[in-house]
Amino acid sequence: MELLANLALGFDTAFTLTNLLYCLAGVALGTLIGVLPGLGPVATIAMLLPVTFGLPPVSALIMLAGIYYGAQYGGSTTAILVNLPGETSSVVTALDGYQMARQGHAGKALATAAIGSFFAGTVATFLLAVFAPPLAEFALKFGPAEYFSLMVLGLVASVVLAHGSLLHAIGMIVLGLLLGMMGTDINSGLPRYTFDLPELADGISFVVLAMGMFGLGEIIRNLEHEEVRSAMVTKVAGLMPSKADFRRIAAPILRGTGLGALLGILPGGGAILAAFAAYSVEKKISPNAAQFGKGAIEGVAAPESANNAGAQTSFIPMLTLGIPSNPVMALMIGALIIQGIQPGPMVMTEQPALFWGVIASMWIGNLFLVILNLPLIGLWVRLITVPYRLLYPAILVFCAIGVFSINNREFDIYLMALFGLLGYVFAKLDCEPAPMLLGFILGPMMEEYLRRALLISRGDPMVLVTRPISATMLALAVVALFLVLSPAFRKTREEAFQEEE
Amino acid sequence: MSAIRNPKDFWAGLIYLGIGLAAFQLAQDYEMGSAVRMGPGYFPKVLAGLLGLIGLLALVRSFLRPGEAIGRLAWRAALLVLGATALFGLLVRGAGLALSLFVLVLVSAYASRQFRWRPTLLLALGLTVFSILVFSKGLGIPLPLWGSWFGG
Numbered sequence: 001m002e003l004l005a006n007l008a009l010g011f012d013t014a015f016t017l018t019n020l021l022y023c024l025a026g027v028a029l030g031t032l033i034g035v036l037p038g039l040g041p042v043a044t045i046a047m048l049l050p051v052t053f054g055l056p057p058v059s060a061l062i063m064l065a066g067i068y069y070g071a072q073y074g075g076s077t078t079a080i081l082v083n084l085p086g087e088t089s090s091v092v093t094a095l096d097g098y099q100m101a102r103q104g105h106a107g108k109a110l111a112t113a114a115i116g117s118f119f120a121g122t123v124a125t126f127l128l129a130v131f132a133p134p135l136a137e138f139a140l141k142f143g144p145a146e147y148f149s150l151m152v153l154g155l156v157a158s159v160v161l162a163h164g165s166l167l168h169a170i171g172m173i174v175l176g177l178l179l180g181m182m183g184t185d186i187n188s189g190l191p192r193y194t195f196d197l198p199e200l201a202d203g204i205s206f207v208v209l210a211m212g213m214f215g216l217g218e219i220i221r222n223l224e225h226e227e228v229r230s231a232m233v234t235k236v237a238g239l240m241p242s243k244a245d246f247r248r249i250a251a252p253i254l255r256g257t258g259l260g261a262l263l264g265i266l267p268g269g270g271a272i273l274a275a276f277a278a279y280s281v282e283k284k285i286s287p288n289a290a291q292f293g294k295g296a297i298e299g300v301a302a303p304e305s306a307n308n309a310g311a312q313t314s315f316i317p318m319l320t321l322g323i324p325s326n327p328v329m330a331l332m333i334g335a336l337i338i339q340g341i342q343p344g345p346m347v348m349t350e351q352p353a354l355f356w357g358v359i360a361s362m363w364i365g366n367l368f369l370v371i372l373n374l375p376l377i378g379l380w381v382r383l384i385t386v387p388y389r390l391l392y393p394a395i396l397v398f399c400a401i402g403v404f405s406i407n408n409r410e411f412d413i414y415l416m417a418l419f420g421l422l423g424y425v426f427a428k429l430d431c432e433p434a435p436m437l438l439g440f441i442l443g444p445m446m447e448e449y450l451r452r453a454l455l456i457s458r459g460d461p462m463v464l465v466t467r468p469i470s471a472t473m474l475a476l477a478v479v480a481l482f483l484v485l486s487p488a489f490r491k492t493r494e495e496a497f498q499e500e501e
Numbered sequence: 001m002s003a004i005r006n007p008k009d010f011w012a013g014l015i016y017l018g019i020g021l022a023a024f025q026l027a028q029d030y031e032m033g034s035a036v037r038m039g040p041g042y043f044p045k046v047l048a049g050l051l052g053l054i055g056l057l058a059l060v061r062s063f064l065r066p067g068e069a070i071g072r073l074a075w076r077a078a079l080l081v082l083g084a085t086a087l088f089g090l091l092v093r094g095a096g097l098a099l100s101l102f103v104l105v106l107v108s109a110y111a112s113r114q115f116r117w118r119p120t121l122l123l124a125l126g127l128t129v130f131s132i133l134v135f136s137k138g139l140g141i142p143l144p145l146w147g148s149w150f151g152g
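Heads up: the sequence lines are chains L and F, in that order. So the first sequence is numbered by UniProt numbering: it starts at 1 and just counts up by one. So the second sequence is numbered by UniProt numbering: it starts at 1 and just counts up by one.
If you're looking for bench data, these hints aren't it; they were derived computationally from the structure. A quick note: this is a predicted structure, and the numbers were derived from the prediction, not measured. Virtual Cβ for every residue (Gly too), placed ideally from N, Cα, C. Don't take every hint at face value.
[Stated by the list, open to error] Computed far set for chain L versus chain F, every beta-carbon distance over 12 Å:
1) Leu-21
2) Ala-129
3) Ile-371
[To be verified] Partner residues are not named here, just some residues of chain L that face chain F (Cβ under 8 Å, in silico):
4) Arg-192
5) Val-386
6) Leu-390
7) Phe-404
8) Tyr-414
9) Tyr-424
10) Met-445
11) Glu-447
[As the list claims (entries may be wrong)] Which residues of chain F face chain L? A few of them, derived with a C-beta cut under 7 Å, are:
12) Pro-40
13) Pro-44
14) Ala-78
15) Val-81
16) Leu-123
17) Gly-126
18) Phe-135
Excised from the complex, chain L in its bound form:
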């Protein structure tokens, strides 16, 4: 019955007028961002982080979380109606969703996405409430060696699940770790890689890094193949799926939810991988396999459920272990630290209202999403017609003001521009920026834990393999690496991501 007490506390916290408003603001902003193509959740959350600095931690986190799962949801609207996935995880939804819309079933596709997302969101909220406490309790037994090994495992897993070249994914992680070394060393007080610049004494702000790489870099990339977007929007009619439809989508929604929830917990996966995987699975086992890609309702139900479930369960490692599983969670960790909260298993016991409040708000937020999206669909559709040439200067304005307001200095603006260039160049070289942000956040933590582990063991590095939990995690990391290098797995991995091409 502790679960009920916890949830009660959570709903108590989330149901205040202020928090409800921030939740609504978050999901509305998220939907907006999801609908507008060319603006991802990472850049958006980085952009809006400075705005939340002044809020109480619970409200800030509720709003940021709302932006994240709201964006997952909003992305599906454009994917279905105009074949423009506003968000990477909606790429798969576009495959069948747009075909359905072309055949006059736009309403049905949208409703399916809404039902699937809401169901997945509800289940994922429950999973979060059930599994977070034991996991956090388990994590409390962790010493520095376990934490170090867990982070190694997390980074390796994010490589396995990332798409693109493995070598480049590892390279970007190491580069991120190295960038995380910039600033004053906590143990010795020595400035590292600061080039004698006082602005770098505290290291690079992750907001500057994220906005540069994911915001500015992305803008330049979009301008490369800018095209006149046709505003041909299909008319939305006949919202409710029929009984027969319900029978067709029930199992895919269940499978999508399960798969998404599982993949969301794993590092590097999150919503994007969940959607791809769920689609591939349905395509393999569905009796209507031939219809896939031609407007199969299952092809909308499964990935939409999966990406929403994944978006939500990716909060589990972030909230219980203090370890981000994807770049958005890395930003959330940054937000927590700025709010003066040390992320980790202690959050649950020391900040129960925050912890359970955020979880409860997710369920409320999912409800808001259904209300916001189905009746207001026309409003969002009109937003799609905003041309990119008017959109990206606005994004730049928000980035510039946001970055400047963190420390009130021009240096951060220049640094952001530099990372924008770096982000663009890396994108051209097929080097994903996401692993770099993970490495950047984890770098200082890993160094700190390794130092402490070695200090306790009197310099014996064997401590990492003699402690059972730590050894298990390192062994898993090694297995994962070997798996990635094996040709058979490589093929499966490429297949799982091929839908994107």
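Take the given structure of chain L and dock chain F to it, following the hints.
Just chain F now, with coordinates in the frame of chain L:
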């Protein structure tokens, strides 16, 4: 240059190797320490070495395995977008928020191939007013509307 079969691998490898070597060189000044008490140089040196190694691997691979060409770089867009951003940094204190935002929108909008004067001017005006209302008035971000050049 025809020996390079994968230009993406080649350039990424070169960047990794360059950064790795530079980071290693800079870390020479930081104490290594012992395993019991890791000095500030320990972790960075290991990472820098690792990055250099990855760069080397990518370089070697670029001569062995074929890959796609990099494709045209959008230099004009990059220059205008990043330049507009830097210009905002240069202007924000002296000219103030209003003018620097206006310039930011104007210059960056020029990067689009579908640039047109009238909508851009309207957009710049609208965004400037909106931002001032929301950020300066609403959220109270301490920035002068008119900078020190105008006695703001």
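Structure-based check of each hint:
1. Leu-21: Answer for L:Leu-21: holds, closest chain F Cβ roughly 15 Å.
2. Ala-129: 33 Å, holds
3. Ile-371: 25 Å, holds
4. Arg-192: Hint on L:Arg-192: holds, closest Cβ of chain F at ~6 Å, below 8 Å.
5. Val-386: 11 Å, violated
6. Leu-390: 6 Å, holds
7. Phe-404: Hint holds; L:Phe-404 Cβ to chain F Cβ min 6 Å, cut 8 Å.
8. Tyr-414: Holds: closest Cβ of chain F sits about 5 Å from L:Tyr-414, inside 8 Å.
9. Tyr-424: 6 Å, holds
10. Met-445: 11 Å, violated
11. Glu-447: Holds, because the Cβ-Cβ distance from L:Glu-447 to chain F comes to roughly 4 Å (cut-off 8 Å).
12. Pro-40: 4 Å, holds
13. Pro-44: This hint holds: F:Pro-44 lies near chain L, its Cβ roughly 5 Å from the closest one there, short of 7 Å.
14. Ala-78: 5 Å, holds
15. Val-81: 5 Å, holds
16. Leu-123: 6 Å, holds
17. Gly-126: 9 Å, violated
18. Phe-135: At about 5 Å, which falls below the 7 Å cut-off, the nearest Cβ of chain L leaves the hint on F:Phe-135 intact, so it holds.
Checked against the numbered hints given earlier, the structure breaks hints 5, 10 and 17 and satisfies all the rest.
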